[in-house]
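Engineer: In case you want the letters, here they are:
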Amino acid sequence: MRSGSFLLIAASLGFLFLYAPILSLVVYSFNDSRLVTVWGGFTTKWYGEVFKDTALVNAALVSLRVALIAATLATILGTIAGFVLSRFGRFRGRLLFTGMVTAPLVMPEVITGLSLLLLFVGLEQATGWPAGRSATTIVIAHTTFCLAYVAVVVQSRLAGFDRSLEEAAMDLGARPLKVFFSVTLPIIAPALISGWLLAFTLSLDDAVIASFVSGPGSTTLPVEILSRVRRGVSPVINALATLIIVVVAAGFLIASLMMIRAERQRRRDEQKALTGK
Amino acid sequence: MSLAQKPKVPGAAARAPWTDPDAKPFIRIRNVTKKFGDFVAVNDVSLDIYRSELFCLLGGSGSGKSTLLRMLAGFEQPTSGAIEIEGQDMAGAPPYDRPVNMMFQSYALFPHMTVAENVAYGLKQDGVARAERDERVAEMLRMVKLEPYGKRKPHQLSGGQRQRVALARALAKRPKLLLLDEPLGALDKKLREETQFELVGIQEKLGTTFMVVTHDQEEAMTLATRIGVMNQGQITQVGEPREIYEYPRSRFVANFIGDVNMFEGRILVDGVDHAVIASEEAGAQIRIGYAVPGREGDPIAVAVRPEKITMGRQPPAEAENVLSGVVEDISYLGGVSHYRIKLASGKRVRITQTNRDRHEDPITWEESVFLSWETPSGVALSS
Ligand SMILES: Nc1ncnc2c1ncn2[C@@H]1O[C@H](COP(=O)(O)OP(=O)(O)OP(=O)(O)O)[C@@H](O)[C@H]1O
Ligand SMILES: [Mg+2]
Chain A
1 MRSGSFLLIA
11 ASLGFLFLYA
21 PILSLVVYSF
31 NDSRLVTVWG
41 GFTTKWYGEV
51 FKDTALVNAA
61 LVSLRVALIA
71 ATLATILGTI
81 AGFVLSRFGR
91 FRGRLLFTGM
101 VTAPLVMPEV
111 ITGLSLLLLF
121 VGLEQATGWP
131 AGRSATTIVI
141 AHTTFCLAYV
151 AVVVQSRLAG
161 FDRSLEEAAM
171 DLGARPLKVF
181 FSVTLPIIAP
191 ALISGWLLAF
201 TLSLDDAVIA
211 SFVSGPGSTT
221 LPVEILSRVR
231 RGVSPVINAL
241 ATLIIVVVAA
251 GFLIASLMMI
261 RAERQRRRDE
271 QKALTGK
Chain B
1 MSLAQKPKVP
11 GAAARAPWTD
21 PDAKPFIRIR
31 NVTKKFGDFV
41 AVNDVSLDIY
51 RSELFCLLGG
61 SGSGKSTLLR
71 MLAGFEQPTS
81 GAIEIEGQDM
91 AGAPPYDRPV
101 NMMFQSYALF
111 PHMTVAENVA
121 YGLKQDGVAR
131 AERDERVAEM
141 LRMVKLEPYG
151 KRKPHQLSGG
161 QRQRVALARA
171 LAKRPKLLLL
181 DEPLGALDKK
191 LREETQFELV
201 GIQEKLGTTF
211 MVVTHDQEEA
221 MTLATRIGVM
231 NQGQITQVGE
241 PREIYEYPRS
251 RFVANFIGDV
261 NMFEGRILVD
271 GVDHAVIASE
281 EAGAQIRIGY
291 AVPGREGDPI
301 AVAVRPEKIT
311 MGRQPPAEAE
321 NVLSGVVEDI
331 SYLGGVSHYR
341 IKLASGKRVR
351 ITQTNRDRHE
361 DPITWEESVF
371 LSWETPSGVA
381 LSS
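Respectively, the protein sequence lines represent chains A and B. Mapping the first sequence onto the working numbering, position 131 (from 1) lands on 131, and the numbers just tick up by one. Mapping the second sequence onto the working numbering, position 252 (from 1) lands on 252, and the numbers just tick up by one.
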C-alpha cells in the first residue's frame, strides 16, 4: 500500500514537472493582458494576432519549406549512407565513413553552425555561390545534420532485414537495382517515413544552426521566436506555441491510432490464418 | 521405403541414367571447393545430376549443404572448380541469369505483396505479358491448392500455406533446376509427411530436376531418386536410398543413415569370396560373404542393421555370426519392439523385431539370448 502511494506521488510529480510549463504556456495564451505573467481575464484575441503578424507567418512558411526540402534530401542521402554502412561489409575506410556520417549526432550545434557558416562564406568568395545567406543555405545545413539521423535509423532497420528476401528476388530474375526498388525499399519504407519525420521535426526545431546560416528574409520560426523573446515574451508567442502543440499532438495521436489499428488488423489476420479460415 | 523408386526418367524404364555410362549429366559439379577465409565449407565435391532427378543432399549441421546449393543458385562463387548446367559453364553468371530457382528455408516471401503478386514476381521480371502471367499464376496456385488465397498477404497464411506459396513462386518460371533448402523444415510431422507426397507428386508431374537439402534422413529416403551424403564439406557417398542404407561405404554413412550395430575387429581370413573377421567386441568371429578391402590383420568394422538380427533362446543351427548376451532393455512399440542386448564384452547390440505373433511367452528382461544374422547382412567397412 505504502509503496503504491509512493509510486503514485512519484508519477504525479514527474508528470507535473513535464507538463506544468506547457500548461502554464497554454493558459497564458488566453490571457487578456499585455503582461505575460499577470492574469487579466480570458481572451482569444492573441490567436487572431498570430495570423495578422506577417513576419511570424512568413517565418513559419520559411520553416515549413526548409523542413520539407531538407527532410526529403536528408532521407534520400541518409538512406544511401545507411545502406552503404549496413551492406558493404568491411571496405577500406569503413570506420572513417561511419564516424563521419554519425559525427553530427554528437557535434555541438554551435560548432556545426559555425563551421557551415565559414564554409558558405569561403565558398561564396571562391565561386560566388551561394550568394549570401538564404533559405538555400539553411536547407543545406539542415540536410547535413539530419542526414546523420536518417542514416542511423535506416542502418538499424537494415540490420534486422532478412537478406534472403533480396536473394529470392534476384533468384527470380531481378537485377540489383530492381531488387532495391521492388523489394528492399517497400519493406524498409516505414523506417524511411520515421526517418523523414525525425528529420522534419529536427529541422523545424532547430534555432542554433539556422541562426548562423540564415540571412535577411529567410528567418525561420524558431529564430524569429528567439529574437522576439529576447525583446520580451509576448502573448502572441504563447498563442503560436499553443497552436504548434495542438498540431503536433494531433499528428501524434493520428499516427498512434493508425499504428494501433494496423497492429489489430494484423493480429486478426494471423488469428484467422492459424484457425484455418 | 522410397516413394520415388519407380524410374522417373522418360524412356529409361530399364536403366537409371546414373548407371548408364553414356548418359549425359544435366548438372556437373567438378572439383568444387568453397573457402570462407581459411575455413573450407565445401571440399573438392564432384557430382553429376541427371534430368528429372530428385536428388537429396543429406548431412549434419554445418556440413556444407546450403553452401553447395547457394553455389548452384549463384549466390556464392566457388573458390575453385566448375559448375555446368546443361553443358554451360556457370562461372561468373549472376543468380538472375541462371535457369535455376530456389525455394528458401525461410520461404522468403515478399511481405508487402499478395500471394498472387509473389508468384507473379519472377514472370514479371521476364516480361511475360499480363494475360499469360495471370494464367500461369492461377495454374501454379491450383497446383499447390491455394486458389482462394491469391489476394492474401503472406502473414495471413499458416506455415504450411506459406511453404506452398514459396514452392509455387519458385516453380512459376518453370526452371530447369529447382533448389530446395530444407523445404519442410518448419512444418510439423504430420504436415511434413503429407507435403512430402505432394512434393514428389508435383516433381513427377512437371519433370523438373529437384535438388533438395535436408538433414532428416527419413525425409531423404522418402523423397530421393538418389542421395548424396555430406560430411565436413565432402560428399562421402552417392547412391539410391536402398543402396545407401544396405551398402554404406563408410562408418560415417552407416551411422548417419538409420540405426546400426558396429563391431570393430581385425581381418582374420581374407578369401576371394569371403572373409572372416575376429572381433573382441562381438566375442565371436564374423563371416562376411565377399572379399573385403585390406589385408589380414588390418582393422575393419562390421555393420549390421538391427532388423537383420534374429534372436532366440536356443543357439541357432548355423555356427557363424552367432553372439550371446543378456536382454538389458525392451521397448514395445506395438508393431515392432526394440531390444538392447548386453554382450559379454560389455558391448550393447540393438535389435528390432516385428511383433508378428502374439507370444504367450515373449523374451523378457534379464534373459540370456543368442543373436545371429545371415552372412550377406553384415557390411565390412574399412573407412
Ligand atoms: N558466409 C559465410 N562466411 C563464413 N562461413 C560460412 C559462411 N556460410 C557458411 N559458412 C560456414 O560453412 C559451413 C557450412 O555451412 P552450410 O550453411 O553450408 O551448412 P549446412 O550443411 O547447410 O548446415 P545446416 O544443416 O545447419 O543448414 C558452416 O560451418 C558455416 O559456418
Ligand atoms: Mg543449411
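Worth flagging that the hints you see were computed from the coordinates, not collected in a lab. All values reported here derive from a predicted model rather than from experimental measurement. It is possible that part of the hints are untrue.
As the list claims (entries may be wrong) - A few chain B positions that, by computed beta-carbon distances, are all more than 10 Å from chain A: (1) T19; (2) T79; (3) V100; (4) S106; (5) D126; (6) E139; (7) R169.
Unchecked claim - Sample of chain B residues lacking proximity to chain A, with all beta carbon distances greater than 10 Å (derived): (8) D20; (9) P21; (10) S80; (11) G122; (12) R136; (13) A138; (14) K153; (15) Q156; (16) K173; (17) T195; (18) D273; (19) E281; (20) K308; (21) E320; (22) K347.
Claimed, not checked - Cβ pair distances, simulated, as ranges: (23) A:G251 to B:R142: 42 to 52 Å; (24) B:R130 to A:G93: 41 to 51 Å; (25) A:P130 to B:G185: 55 to 65 Å; (26) B:V40 to A:P130: 28 to 38 Å; (27) B:E367 to A:D162: 48 to 58 Å; (28) B:R266 to A:G160: 32 to 42 Å; (29) A:G14 to B:G62: 20 to 30 Å.
Glycine residues also receive a C-beta, built at the ideal position from the N, C-alpha and C atoms.
Engineer: Hint by hint, note whether the structure agrees.
Structural biologist: Cross-check of the supplied hints:
1. T19: Fine: 32 Å to the nearest Cβ keeps T19 (chain B) off the interface.
2. T79: holds (18 Å)
3. V100: Given a closest Cβ separation of 8 Å, the condition is violated.
4. S106: Non-interface label on S106 (chain B) violated, nearest chain A Cβ at 5 Å vs cutoff 10 Å.
5. D126: violated (6 Å)
6. E139: With a cut-off of 10 Å, E139 (chain B) remains clear of chain A, as the shortest Cβ separation is near 17 Å.
7. R169: violated (7 Å)
8. D20: holds (32 Å)
9. P21: At about 34 Å from chain A, P21 (chain B) clears the 10 Å cut-off, so the statement holds.
10. S80: For S80 (chain B), whose nearest Cβ neighbour in chain A is about 22 Å away, the distance exceeds 10 Å, so it holds.
11. G122: G122 (chain B) is in fact no farther than 10 Å from some Cβ atom of chain A, at 4 Å.
12. R136: It holds; R136 (chain B) is separated from chain A by about 13 Å at its closest Cβ, greater than 10 Å.
13. A138: The assertion about A138 (chain B) holds, with a minimum of 18 Å to chain A.
14. K153: violated (7 Å)
15. Q156: Check fails; 4 Å does not lie beyond 10 Å.
16. K173: violated (7 Å)
17. T195: T195 (chain B) is indeed farther than 10 Å from all Cβ atoms of chain A, at 16 Å.
18. D273: At roughly 53 Å from the nearest Cβ of chain A, D273 (chain B) sits farther out than 10 Å, so the non-interface label holds.
19. E281: E281 (chain B) clear of chain A: closest Cβ-Cβ about 47 Å, beyond 10 Å.
20. K308: Per Cβ check, K308 (chain B) is outside 10 Å of chain A; nearest 43 Å; holds.
21. E320: holds (55 Å)
22. K347: holds (46 Å)
23. A:G251 to B:R142: 42 to 52 Å: Because 47 Å falls inside the window, the suggested range holds.
24. B:R130 to A:G93: 41 to 51 Å: Given a distance of about 47 Å, which is inside 41 to 51 Å, the answer is holds.
25. A:P130 to B:G185: 55 to 65 Å: Taking Cβ atoms as reference, P130 (chain A) and G185 (chain B) lie about 59 Å apart, which means the hint holds.
26. B:V40 to A:P130: 28 to 38 Å: Between V40 (chain B) and P130 (chain A), where Cβ atoms are some 58 Å apart, the hint is violated.
27. B:E367 to A:D162: 48 to 58 Å: holds (57 Å)
28. B:R266 to A:G160: 32 to 42 Å: violated (57 Å)
29. A:G14 to B:G62: 20 to 30 Å: violated (52 Å)
Of the numbered hints stated above, those contradicted by the structure are hints 3, 4, 5, 7, 11, 14, 15, 16, 26, 28 and 29, listed in ascending order.
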